[in-house]
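Here the structure of chain A is known, so what remains is to put chain B in place on it, guided by the hints.
Line by line, the protein sequences give chains A and B.
In this text, residue positions in the first sequence follow the numbering used here: the first is 1, and each later residue adds one.
In this text, residue positions in the second sequence follow the numbering used here: the first is 1001, and each later residue adds one.
Hints may be right or wrong, so weigh each one.
[What the hints assert, rightly or not] Derived DSBU-like pairs: lysine-lysine, alpha-carbon spacing no greater than 35 Å straight-line: (1) A/Lys121 <-> B/Lys1018; (2) B/Lys1075 <-> A/Lys320; (3) A/Lys121 <-> B/Lys1075; (4) A/Lys320 <-> B/Lys1165.
[To be verified] Output of the computed footprint for chain B on chain A, the stretches with three or more beta carbons under 8 Å from beta carbons of chain B: (5) 191-200; (6) 215-224.
Because the hints were derived from the structure by calculation, they are not lab data.
From the three backbone atoms N, C-alpha and C, an ideal C-beta is built for every residue, glycine too.
Spelled out from the first residue to the last, the chains are:
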Amino acid sequence: MPKPDRFAITGLIMLVLLILAPIVVVQTGWHGGLPLFTRIVIYALAVVSLDLIIGYGALISFGHAMFFSLGGYMVAILAHHTNAGDLIFGWAGSNSAFILWPLALLACALLGLVIGYLALKTRGVQFIMITLAFAQMVYFLLVSLQYYGGDDGLMMDTRNTMAVVDLDNPWSLYYLALGILVIWVLFCRFIVNSRFGMVFQGLRQSERRAINLGVNPLPFRLTAFVISAVGTGMAGILWANYAQFVTPDMATWAKSGEFMAIVTLGGLGTLLGPIAGAAAFIGLEQILTIWTEHWMIVMGPVLVLIALFGQQGMLGRFLKGGRHD
Amino acid sequence: MTEVLSLRHLRKSFGALKVTDDVTLEVRAGEIHALIGPNGAGKSTLIAQICGELPSDAGTVHFQDRDITPLSAFKRARLGLGRSFQTTQLCLEFTVLEHVILSPDCMGGGSFNLFANPRNDAGLRDEALHWIGKAGLGGRENRQVANLAHGERRQLELAVALARKPHVLVLDEPMAGMGAEESTRMVTLLQELKGQYPMLLVEHDMDAVFTLADRVSVLVYGRVIFTGTVDQVRQDAEVRSAYLGDD
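This is chain A alone, in the form it adopts within the complex (with noise of 0.2 Å):
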């Protein structure tokens, strides 16, 4: 049992924090501050699904982004033909959200599912590999989309609509946003520490003594993936309506090596670490870009030094030291 619970206290500030800083910046008279905490909760809800089977499972996927892309791309794609007067395969399709985004979010776990069951016949390296094979082919795949914008990717004239939040409005958006990131994380934490997730960080404790207790590796680890599909689709679907715009660019490797150095940057199996991972890092590029077009050669060293000194992130540290004697 946790003593002082540092998960709730750290989890309470991040919250009023994300919840006023934008308040506080755009009062300031600076509005790109708005888009730019948008940016960082929509990261934050991709790094925080990825963070539950990395940092808690050690199945080390560098094909997130393929989720990321298929969530936007599948509300962009949806949005398109509708918009059009298209029927898509009889229908005369919707722009509710509550339509969908469900879809979408079926999409990703459907995919999520059938990789995550090829991928997890192998371990540590080819693990990686593999994911990020798979992502490649979803990137040439939106890439060979000519139809649907091709390379220069797919604009949404509009966004979704829903019945009580107007995501024309750039705050309403952001605060659905954070609400979503909000439940999002209570359910990773639920997870983390239910019967299920107790197994699950059993196997990547220790997989033989698991196998031992008669678990079957593979179900448990193929739903964790599945579970973090949709998290990370989810935060496809928020990015393709904050931008309205998809491009193959947000399935590069690139795009899952990001997401893999945010979960680092703010601490592996921690949830909340990411989110400050996410603020950093976008934060940094925010200011960086600014200042020079080439702001990766001061983001690397700042990571390598993050790597190196802070050997658990951001956060890591702090939130699992108070767990145990």
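Below, chain B alone, put in the same frame as chain A:
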């Protein structure tokens, strides 16, 4: 006497090397059957074959009158085949209590319940504490496994195995790497458990084997060259030359 675990004509080769060569032996209800043999005799390979980590080239493994040869390791475990590992295999980040709770919780293969926290299940806690006490780790249940001493980890391995209510225990050198005092404690512990669980005990410490075992099999170059009672082993000339050393 009834056989709980029986190996019949088990074979395993790596290339030209016969590591398990026509091994037949059985563990009877209530007995401790010790398996001894020099380094490289194939003891660890044999255990891997029994537990399903390594497929056998030929022969069968029967467990409680059931042929478990085609079953994978986790299915054998679910039937009640408990074991300890030569080099401890434990989840280092869990506390002792969490680790032992995991055992009965995984009995049916583990739960997909995403919301219930097993740490808050009073029944599981009590059960786990019982086995922790039994294995001599009472009072250390909230210690993180990574912070346990070597001997304590061995005891925890036993607690983890016992909490699953196994029908047989396969113990791969439970005394390995232990100091004299820890060894003595482990022998005492195993003596207490004797009769309640049939055990296949692989062990180098001959004093421990002679103290604990009902019967002993001697494995040399993958072959069982002798099976008999402790007294018979002591007197057998072949065993002496192969293993105990000529005086």
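Comparing the hints with the structure gives:
Our distance criterion of 35 Å between C-alpha atoms is met by A/Lys121 and B/Lys1018, whose separation comes to about 29 Å. For the hint pairing B/Lys1075 with A/Lys320, the CA-to-CA distance comes to about 34 Å; that is within 35 Å, so the pair holds. With a C-alpha separation of about 18 Å, the suggested pair A/Lys121 and B/Lys1075 falls inside the 35 Å cut-off, and the hint holds. For a cut-off of 35 Å, the pair hint linking A/Lys320 to B/Lys1165 stands: about 33 Å separates their Cα positions.
Counting residues of the segment 191-200 of chain A whose beta carbon lies closer than 8 Å to any beta carbon of chain B gives 8, which reaches the threshold of three, so the coverage claim holds. Coverage of the segment 215-224 of chain A by chain B holds [criterion: at least 3 residues with CB-CB distance below 8 Å; count 6].
Figure legend: structure checked against the earlier numbered hints; every hint is met.
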